[in-house]
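Novice: As you go down the protein sequences, you meet chains A and B in turn. Mind the numbering: the first sequence is residues -5 to 309 in the numbering used here, read in order. Mind the numbering: the second sequence is residues 55 to 444 in the numbering used here, read in order.
In case anyone wonders, no lab produced these hints; they're calculated from the structure. From the three backbone atoms N, C-alpha and C, an ideal C-beta is built for every residue, glycine too. Please note that a few of the clues may not be correct.
Stated by the list, open to error - Covered stretches of chain A, as calculated for chain B (at least 3 residues, CB under 8 Å):
1. 179 to 188
2. 191 to 205
To be verified - FRET-style restraints, in silico, Cβ to Cβ:
3. B:L105 x A:L57: 49 to 59 Å
4. B:H285 x A:W194: 33 to 43 Å
5. B:L132 x A:W194: 32 to 42 Å
6. A:R21 x B:A93: 52 to 62 Å
7. B:K164 x A:D189: 15 to 25 Å
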Amino acid sequence: MLDPEEVYIPLDRWIQVGIEWVADHFRPLFRSIRWPVDELLNVINGTLEAIPPLLLIALFGGLALWLAGKRTALFTVVSMLFILLLGIWLETLTTLSLIATAIVVCVIIGIPLGILCARSDRAWGIIRPVLDVMQTTPSFVYLIPVVMLFGVGTVPGAVAVIVVAVPPLIRFTNIGIRGVNEELIEAGIAFGATDRQLLWEIQLPQALPTILGGLNQTVLLAMVMSVIVAMIGAEGLGLVVLQGLGRLDVGRAAVGGIGIVLMAIILDRLTQAVAERDPRAHSGKARIGAALSRLFGSGHRQAEGKLEASLDSKN
Amino acid sequence: MISQAKTDQTDRDISTVTDRIEIRDVYKIFGRRKEEALALVREGKGKSEILERTQAVVGVNNVSLSVPKGSISVIMGLSGSGKSTLARCVNRILEPDAGQILLDGEDYTKCSDARMREIRRRRISMVFQNFGLLPNQTVIDNVAFGLKLRKVPLAERHKKAGEMLETVGLSEWASHLPGELSGGMRQRVGLARALATEADVLIMDEAFSALDPLIRTEMQDELLRLQNTLHKTVLFITHDFQEALRLGTKIAVMADGAVIRDGTPQEIVIDPGHDYVAAFTRNVDRARLFDAASVMSESPADAQGGRFVLNDAGEVAGWQDPVTGAVSEGFLAVRPETTLIEIAGAAARRRGPIAVVDAEGKFRGRISDEALLAGIAGAKETMKGSRTDA
Ligand SMILES: Nc1ncnc2c1ncn2[C@@H]1O[C@H](COP(=O)(O)OP(=O)(O)OP(=O)(O)O)[C@@H](O)[C@H]1O
Ligand SMILES: [Mg+2]
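This is chain A alone, in the form it adopts within the complex:
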C-alpha cells in the first residue's frame, strides 16, 4: 500500500521552503556575515598578488625554515617555483587567500567557542551534537544552503569553507583546556588567579599544543573544501580542475590537481610543525632561539635551552 516510488513526507520541499524563508527574512544578517569575509578575502588576496612571486616564494621558504627546518623549506621553495612555472600562480594565490581567510575566521570563532565549551558543561552539551552532525555531513551538502543564503562566488565559497573547517578547532580547544593538569589549575587558583588569569596564564598556554593540533586539522579541511567550493563558483585551483573536467581537458585538470596537492602538503607540514613544536618553545623569543639553533645546524637540546635562556633573561 505504500508505493516505494511515491514521496509521502516531502522533507526536501519543506527544507527548501524553510531556507528560502530564512534567506528572505534574514537577508541583512547574511549580508553582515558576508561583509567581513569579503573584506578579509580582498585584503589578503590583494596583498599576496602585490608581492612579486619570487619574493613571496622566498618569504614562504623563510617561514618554513623558521617553523619546520631545512627540508620542508626546500620542498616549499621548489614546489612553489613549480606552481609558478605551471602558470597557475594566481589561482594558487586565490586558493591560499580563501584558506587564510577561513583560518582567520575559524580562529576568531572556534577558539572562543572551544573555551566556552571547556568552561561550561551546558554549552558543550549543546555544541557537541551540532559538531557531531557537522562533521559527519558530507562537505558538499553545505553548498546548497550556502548558495541559497549567500549566493554564488568566492565569498560564499569562503563561508562554506569556514563552516566545514571550524569544528575540529572547537573540539580540540575544548579537549585541550579540559585536559590541563588539575594540579596546575589548582596552583593557579591557590595563588589567587582570576578567571581571566587562569585562562591566559595556565589554560591556554598548556592547551596550546592541542589547539594547534586542531588548527592543523582545520587547515587541511579548509584546503579540501576550498577545492570543493569551486562547484559554487569560488575561484582558485579547484576551479582549474573543474573547468578542466568540464572541457574534458585532462591536462589542465591534472595541473590544477598537482597545485592542490603541493599546497596541501606545504600547509600540512607548516601547521604540523607549529603544533609539534618543542613544548618549551611557546614564546616568540624561544621560537627564534630554536629556529636560530636549527639554522646553525645544532639540534642539540642543551644549546637550544641555553640560547633561549639567554634570550629570556634579556626580557
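Place chain B with the ligands on chain A using the hints.
Specialist: Below, chain B with the ligands alone, put in the same frame as chain A:
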C-alpha cells in the same frame, strides 16, 4: 634529633598560643544530594551508609582544628581519609559545605571572591604533591608566578624570586625549565614559589610524598631549617607517620573524613587512644621522639637516699652517695630537650646519676635508669603528657 621548636611547644602554656587558622565544624560532601547527606552525617551515620543511601561521598566530617601561629601542624591519615579535601577547604579551592574557617579571627568562608583572591595572593600559599610547576616557564618565572598574578612589575618580581631561589639553594637554575630539574629540586622551586608571595600560611599537601626517601629526608630538614628563621604557619599533609613526627609540632590524625586524634607527637605516641592510631605509633622510635623533660622526676632525691646537692643559685653542686654520704661530681648533666637516645648513649659511655639542667645551669630534674628505660620501651605510667580529648 627533635627540633628545638617542638620542645618549646610542649613547654608553652596552651592558652597563650594564638591560632593563625581555626577550622570550626567543617563539612565537605561530594555528590548531588548534599543536603540530605549532610543531615545524615550530622545524625552520625557512617561514610559507607551515606554513600549507599545518597551516592554522596563524605570528604570532611565535622572537623574542628586550630593551626597555631608559627608552627608546623600536621594532618596525617591513610589514603582517602580526607586530608587533601580538608587542606583544599582551607584555601577554598573546595568550598566547605558547612562550618567556618577563620584566619586571624576572620571567617573567610563566606567572603567575596575578591577578598578570597587577596587572601590567596598574600596570606595563604600552597605547595603541591606533584609540584604544580608550569612546564613551559623558567624556574624563576615559576617562582615569580604568585607575584605576577598580583601584577608586581617584572623586575621587582624577578628580584624577589631570585632571593627565594637563593634561599632554597637553586640560584644557578633560574633560567632553566622545571623539566631539567630533579624531583627534589622541583619541589624546592615549589617551596620558593610559595615563599615568594610572603604568605604567612603555607599549605603543603603531601609535598614530599613524590620524592625518594633520601631526598625526602633532605627536604624535611630543609623545611625545618627554613622554619627556624621564617616561622611560617604550616599546615602539612602526609600519610607518613614518621614524617608527621619529624615535622609536626601538633598532629591531627584523620580517618573517614573526621579527626580522630589530635595532639603533640609525644601525646599521641603515649596514648594513641584509638586502634587506628595505635597501628601507626606501634613502630615509632620512642627513643628519638621523647626528651629528658618527658621522663625526669622533679625531685632531686632518689628512693635509695641518693640525692643531687644544689647550691644557692639552684645549680647542681654534686651527687651525694646514699651509702658513703660523700658528694662527688661524677654525674651526667643533660638538657631538658635532649632525646632519650642521646641520653642512653651518654649513659652507656659513662655510668652515673643523670641530672636535667636548663640553659642557665639550673637543676630541673633527675632521671633514674628505670625511667630512662621505661621511656624508651614505652611504659605508659612513667611518662608525662596525657590525651587532650579525653
Ligand atoms: N572531586 C571529588 N569528587 C568525589 N569524591 C571525592 C572528590 N575528591 C575527593 N573525593 C573523596 O573524598 C574522600 C577524601 O579524599 P581525599 O583526596 O581528601 O583523601 P586524602 O586523604 O587526601 O587521600 P590521599 O592520601 O590518597 O591523597 C575520598 O573518599 C575521595 O574518594
Ligand atoms: Mg591527598
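Novice: If a hint holds in the structure, say so; if it doesn't, say that too.
Specialist: Okay, the hints, checked on the actual structure:
| no. | hint | verdict |
| --- | --- | --- |
| 1 | 179 to 188 | holds (count 9) |
| 2 | 191 to 205 | holds (count 5) |
| 3 | B:L105 x A:L57: 49 to 59 Å | 58 Å, holds |
| 4 | B:H285 x A:W194: 33 to 43 Å | 35 Å, holds |
| 5 | B:L132 x A:W194: 32 to 42 Å | 39 Å, holds |
| 6 | A:R21 x B:A93: 52 to 62 Å | 59 Å, holds |
| 7 | B:K164 x A:D189: 15 to 25 Å | 20 Å, holds |
When held up to the earlier numbered hints, the structure conflicts with none and fits them all.
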